[in-house]
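Go ahead and model the full structure; you've got the sequences and the hints to work with.
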Amino acid sequence: MEQKFPRVTSADLRVEVAGLRLRNPVMTASGTFASGREYAGFIDLSRLGAVVTKGVSLQAWAGNESPRVAETASGMLNSIGLQNPGVEAFCARDLMWLSGRDVPVVVNVSGHSLEEYVRVVERLESEVAVAAYEVNISCPNVDEGGMAFGTSCAPAAAVTSAVRAATKRPLIVKLSPNVTDISEIARAVEDAGADAVSLVNTLLGMAIDAETRRPKLARVVGGLSGPAIKPVALRMVWQVARAIAVPVIGVGGIMTGEDAVEFLLAGATAVQVGTANFVDPTSTVRVLDGLTEYCARHGVARVSDLVGALEV
Amino acid sequence: MSCADLDAGPHPLLERVEVLANDRVGAGVGLLALRAPRVAAAVAPGQFVHLRIATGSDFLLRRPFSVHRAHGETIEILYQVLGRGTRELADRARGDVMDAIGPLGRGWDVPESAGHVLLVAGGLGAAPLGMLAERLAARGVAVSVAQGAPCAERLVARELFESVARRVEVATDDGSAGEPGFVTLVSRRLLETERPDLVCVCGPEPMARAVAAQAAEAGVTCRVSLERLMACGIGACLSCVVTTTGGRKRACVDGPVFDAGEVCWDGAEVPPRH
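If you read the sequences in order, they're chains A and B. First residue of the first sequence? That's 1 in the working numbering, and the numbers climb one at a time after it. First residue of the second sequence? That's 1 in the working numbering, and the numbers climb one at a time after it.
Source of the hints: derived by calculation from the structure; they are not laboratory data.
Under the rule of at most 25 Å between Cα atoms (straight-line distance), these lysine to any residue pairs were calculated in the SDA-like manner:
{"id": "1", "chain 1": "B", "residue 1": "LYS249", "chain 2": "A", "residue 2": "GLU71"}
{"id": "2", "chain 1": "B", "residue 1": "LYS249", "chain 2": "A", "residue 2": "ALA40"}
{"id": "3", "chain 1": "B", "residue 1": "LYS249", "chain 2": "A", "residue 2": "ARG93"}
{"id": "4", "chain 1": "B", "residue 1": "LYS249", "chain 2": "A", "residue 2": "GLN59"}
{"id": "5", "chain 1": "A", "residue 1": "LYS168", "chain 2": "A", "residue 2": "CYS91"}
{"id": "6", "chain 1": "B", "residue 1": "LYS249", "chain 2": "A", "residue 2": "VAL221"}
{"id": "7", "chain 1": "B", "residue 1": "LYS249", "chain 2": "A", "residue 2": "CYS91"}
{"id": "8", "chain 1": "B", "residue 1": "LYS249", "chain 2": "A", "residue 2": "ALA60"}
{"id": "9", "chain 1": "B", "residue 1": "LYS249", "chain 2": "B", "residue 2": "ARG106"}
{"id": "10", "chain 1": "B", "residue 1": "LYS249", "chain 2": "A", "residue 2": "GLY63"}
{"id": "11", "chain 1": "B", "residue 1": "LYS249", "chain 2": "A", "residue 2": "ALA89"}
{"id": "12", "chain 1": "B", "residue 1": "LYS249", "chain 2": "A", "residue 2": "PRO215"}
{"id": "13", "chain 1": "B", "residue 1": "LYS249", "chain 2": "A", "residue 2": "ALA218"}
{"id": "14", "chain 1": "B", "residue 1": "LYS249", "chain 2": "A", "residue 2": "ALA62"}
{"id": "15", "chain 1": "B", "residue 1": "LYS249", "chain 2": "A", "residue 2": "MET96"}
{"id": "16", "chain 1": "B", "residue 1": "LYS249", "chain 2": "A", "residue 2": "GLY86"}
{"id": "17", "chain 1": "B", "residue 1": "LYS249", "chain 2": "A", "residue 2": "ASP280"}
{"id": "18", "chain 1": "B", "residue 1": "LYS249", "chain 2": "A", "residue 2": "ALA92"}
Treat the numbers as computed from the prediction; the structure is a model and nothing was measured.
Dropping the structure here:
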């Protein structure tokens, strides 16, 4: 393994997010990494800061009709619709496999209702392999729940409080960019007990085939991700990091180590790599190596020194 | 299910591949030869490679292509220029390098007991059937081919099929080669006269569906290679699902070849464009 995946070492890469001590700030973004098994032949999972799983709901969800994906300029739209086998199958298959990989596991939790979020977390409480939860109140691809909880303060706070009451584990809330003022939502979930926030989920968008006059996605609209959204994500991370006291995890179009550095400078304590995994299955470790190389080149002793170090 | 089951099977490879040739072989159809020693050694008929045709963020996703043939250190890919990805691919020249993930997916599963296999190809559906025809013939299996295309210029890989199959029958929409009409005319007749043990079909989904119905009527097992838009190609993103009697399956790892009997055709979608 060592020869197959050469390491670059220098700066102290450790960060602490939501009470989680991570060996480095590079995590996976939910829904782009499944539960890691598909990537284990390409990278050494134990090099990652954490694996954030695909969203898990109480029962199995079938997801949306196809086509579910469309390429756009410097990005892609998806409308998968949180297809997942339900929390029981997740524990038996995915979590069991992941628990042997020497990497912190953050389980992304989805629900159609407030009660469903709580019941998923309650089921996961007995699983020792779970290091933290990321509550998804920002998926644009489901009709009930998902983003509906994440686009105004009261429901966002209600989900956070309900999950907070069900667990003492680190609680991350993943925020939607499809709002007027993301700082307001961030403050609401912080007040409701979130230990950290991750942002951004995908931007609601659409694509049309002019030749056929049809939408490219069966669901018509979907979530935009990839390098196209990075400037929006950076701006929102910068705004939120100034508005709240708990850590921010930056996500949105990170393809390189330099992209990750930009998010740290904007105020993120850690980052998530998403769409890049579809383009290059080694993206997470490439980002990590790039970040390490940046630290060496700039004489940065601790990667945490970069957090919020934007010079304006 | 145990962890061992979940880990079963070799992992796909990430390989730098080099263009050896990129030739026009029909109307809007290209044949790309790539030096890809590791993929070439591991690939089975019906599997595909996921090519990163261009780098740079403006052109983001990979494109999946069936492996048409594999010999020595070379794999061949047949493609039709349809969209941005294939236009870009047509511009690649000898010496260009790109990276490939492969071999991916489950290919044609032909049981040892099958002594005679009918291949049914519609248009570029000939692509994943070329290597299958060669490998079956090499192991002494009788191969018949029903091939259809819009016109004679789009009857790709016809020479390959004629060199290894005991019978090749052709139909074109415009009658410029073989019988005028759809390939389903030919496949129906060959099912009756050749009595194959297995039918392997790839082509536009309505055609594949019609051939699957013919095979079911004749009581012959049928496998079908399906095409879907996909992002990751390795089973993570859930973009490429096919609705089956066993739920939604991923074309990239559970397919692209499915048993026709498990496919829920009403979940069919408009043909994807590369």
